[in-house]
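So the chains spell out like this:
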Amino acid sequence: MNSVIQARELSRWYGIVMGLNNVSFDIDVGLTGLVGPNGAGKSTLIQIITGQLQPSSGELTVFGEIPWNNPRLLKRIGYCPEREAVPRDLQPLAWLRGLGLISGISPAEATRRSELILERVQLPREHWSKTMSQYSKGMRQRVKLAQALLHEPKLLVLDEPMNGLDPMGRQEMAQILKELAAAGTSILISSHILAELESLCKNILILNWGRILASGDQKDIRADLKNWSEQLSVRCDQPEKLARHLFDAGVLLGFDLDAMEGTLNIRVKDPGSFYERWVDLLIESNVTVSEIRSQNRSLKQIFEKVTT
Amino acid sequence: MSLTMTEAPRSVSSDAAASIQPTWLGGLRGLWSLTWRSQLTFRRLPLLMATLSIIPLLAYFTVDSGRADPYFHWVIEFYLLLLLPLYCLSVCGGMIRDDLQADTLGFLTTRPMSRAQLLVSKYLCQVAWLQIMALVSGALLCGVGIVRSISSVVSFAPLFFGTQCLEIVAYGALSSLLGLIHQRYMVLGIIYGFIVEVGIGRIPTNINNLSLSRHLRSILANNEAIHGIYEWSPEGTFSSLVIMLIAAVLFLGIGAAFFTFKEFHHSDEMQK
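Going down the list, the sequences are from chains A and B. Residue numbering for the first sequence follows our numbering, starting at 3 and increasing by one per position. Residue numbering for the second sequence follows our numbering, starting at 22 and increasing by one per position.
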């Protein structure tokens, strides 16, 4: 079995509010991104995966086992919650050591591992003796990640771990996650910071309104969305003339003209058929084109498309 | 739309965590370490000192030398039968709710221990902490008795500490159950106190066996000084001991079952 997480017709509702609506998916080993706007069902899904919530109907298994009240499975899962709450009056080492003991690590080993993990998440040593109430949001994120890594889980579930980190911190966090994934840890990471997910995760799962809108390899998703409108930027000697010609040909959704720059930004209705006619249309327009740029469809654009 | 993931499958069978073996004792050690460190902080220290010293100080300033009656009223009625149950309610009632409100419960429920084990271990840690606090407070109270020349304090002390220990075990278990049942466990506990402890406990039939304080009175009556002041009967002391322990196990068992099946959400907690 290659799937780390399997969901079959999984639903979860809170009273009359639907958190997850009959979703089925497989998540394989490796780094997987979970994307969705607020209220999409990301945290609900993560809480079911980590055994904090139970499904209302359907089934979700992690490594083939149901997570709720399952210590044997929880031993293999590390969880970093979205909220920045940590025990404010504790020092990070004391907290990690306590959690390590609960996880089944011996006292001496728990102390050793706590120090190693804090170094790994790059929490400066001079802050170790402070209570966590004095920590910045970014420092708390690092400690939260540390507690998730403490028992060397096979599956790491991170709910918005980049929140509160500065750009350097995000880069460092991304590097840590890449190293963990390379070492064989499967990672499920949810985020609103789509640029990080795009560079970090090969696979993504897009949720909205409790449903899965798309899942799989980023490239496949992009390919699957080939019929979506696309934006092109064309620099030419007569942008007005080109705009009129393309508009008359019925291939545009809209356009913006920058006469000073000599640039025409066009939004194309059907990229597939447009590109088939594109060269002929340019020849017919009788304008001289100096540059054509296709605005790359980023994950963010895809996300915005499927969630609106 | 749904697409198949294309990443080459890798084995998930190798398990680095296999060397980690969670045990009851390890879990208990970890939770105890977190419990005392959370309680013994600079922020909580003033409250802790006040809690420990307020009753001995009040007793010291209000009891005249050699007068046993007012001293024992302080110790029995105010401390043992009112303040200590409330203290248990505050500490054990909040053992899950406090984490829930602080939104830190997820760090514990995602650890490799069953939910029942987590609840029982948390209860044991909170009770251990309460025992330490009550031991210090009780010692100060006994010290006040000695300073105020209450002759029967020395003979009363062993029974006092034993009863206090049993009381914390039983009321702690009840409080932990109330804390799981409702966010407003203090209100629930006070209502319980009025109905069961004050009301039913004073009905002179067998129904008063439902009251924990009735059993405490029965145990305390084994001391001659107490028996003389309150005219409580020491009859059925052994039954009272057994009932207190059974009640603790029962409350804890119900609480563990409740925690095993019921989800606790931070968002629910904040909306109430």
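Think of the hints as simulated: they come from the structure by calculation, not from any bench. Just to be clear, a hint being listed does not mean it is correct.
Simulated coverage check for chain B against chain A, where a stretch passes if three residues somewhere in it have a Cβ under 8 Å from a Cβ of chain A [unchecked claim]:
{"id": "1", "segment": "41 to 47"}
{"id": "2", "segment": "50 to 60"}
{"id": "3", "segment": "116 to 127"}
{"id": "4", "segment": "226 to 232"}
Just the calculated beta-carbon pair ranges, DEER-fashion [stated by the list, open to error]:
{"id": "5", "chain 1": "A", "residue 1": "111", "chain 2": "B", "residue 2": "205", "range": "55 to 61 Å"}
{"id": "6", "chain 1": "B", "residue 1": "46", "chain 2": "A", "residue 2": "136", "range": "56 to 62 Å"}
{"id": "7", "chain 1": "A", "residue 1": "58", "chain 2": "B", "residue 2": "228", "range": "57 to 63 Å"}
{"id": "8", "chain 1": "B", "residue 1": "279", "chain 2": "A", "residue 2": "61", "range": "23 to 29 Å"}
{"id": "9", "chain 1": "B", "residue 1": "156", "chain 2": "A", "residue 2": "135", "range": "26 to 32 Å"}
{"id": "10", "chain 1": "B", "residue 1": "94", "chain 2": "A", "residue 2": "135", "range": "40 to 46 Å"}
{"id": "11", "chain 1": "A", "residue 1": "58", "chain 2": "B", "residue 2": "83", "range": "54 to 60 Å"}
{"id": "12", "chain 1": "A", "residue 1": "135", "chain 2": "B", "residue 2": "71", "range": "55 to 61 Å"}
{"id": "13", "chain 1": "B", "residue 1": "205", "chain 2": "A", "residue 2": "58", "range": "40 to 46 Å"}
{"id": "14", "chain 1": "B", "residue 1": "79", "chain 2": "A", "residue 2": "85", "range": "55 to 61 Å"}
{"id": "15", "chain 1": "A", "residue 1": "61", "chain 2": "B", "residue 2": "263", "range": "21 to 27 Å"}
{"id": "16", "chain 1": "B", "residue 1": "46", "chain 2": "A", "residue 2": "128", "range": "31 to 37 Å"}
{"id": "17", "chain 1": "A", "residue 1": "58", "chain 2": "B", "residue 2": "203", "range": "20 to 26 Å"}
{"id": "18", "chain 1": "B", "residue 1": "71", "chain 2": "A", "residue 2": "4", "range": "57 to 63 Å"}
The structure displayed is predicted, hence computed values, not measured ones. The beta carbon of each residue, even a glycine, is placed where N, CA and C say it ideally should be.
Do the hints match the structure? See the list:
no., hint, in the structure
1, 41 to 47, "holds (count 5)"
2, 50 to 60, "holds (count 7)"
3, 116 to 127, "holds (count 4)"
4, 226 to 232, "violated (count 0)"
5, A:111 <-> B:205: 55 to 61 Å, "violated (42 Å)"
6, B:46 <-> A:136: 56 to 62 Å, "violated (33 Å)"
7, A:58 <-> B:228: 57 to 63 Å, "violated (42 Å)"
8, B:279 <-> A:61: 23 to 29 Å, "holds (24 Å)"
9, B:156 <-> A:135: 26 to 32 Å, "holds (29 Å)"
10, B:94 <-> A:135: 40 to 46 Å, "holds (42 Å)"
11, A:58 <-> B:83: 54 to 60 Å, "holds (58 Å)"
12, A:135 <-> B:71: 55 to 61 Å, "violated (21 Å)"
13, B:205 <-> A:58: 40 to 46 Å, "violated (27 Å)"
14, B:79 <-> A:85: 55 to 61 Å, "violated (42 Å)"
15, A:61 <-> B:263: 21 to 27 Å, "violated (45 Å)"
16, B:46 <-> A:128: 31 to 37 Å, "holds (34 Å)"
17, A:58 <-> B:203: 20 to 26 Å, "holds (23 Å)"
18, B:71 <-> A:4: 57 to 63 Å, "holds (59 Å)"
Of the numbered hints listed earlier, those contradicted by the structure are 4, 5, 6, 7, 12, 13, 14 and 15.
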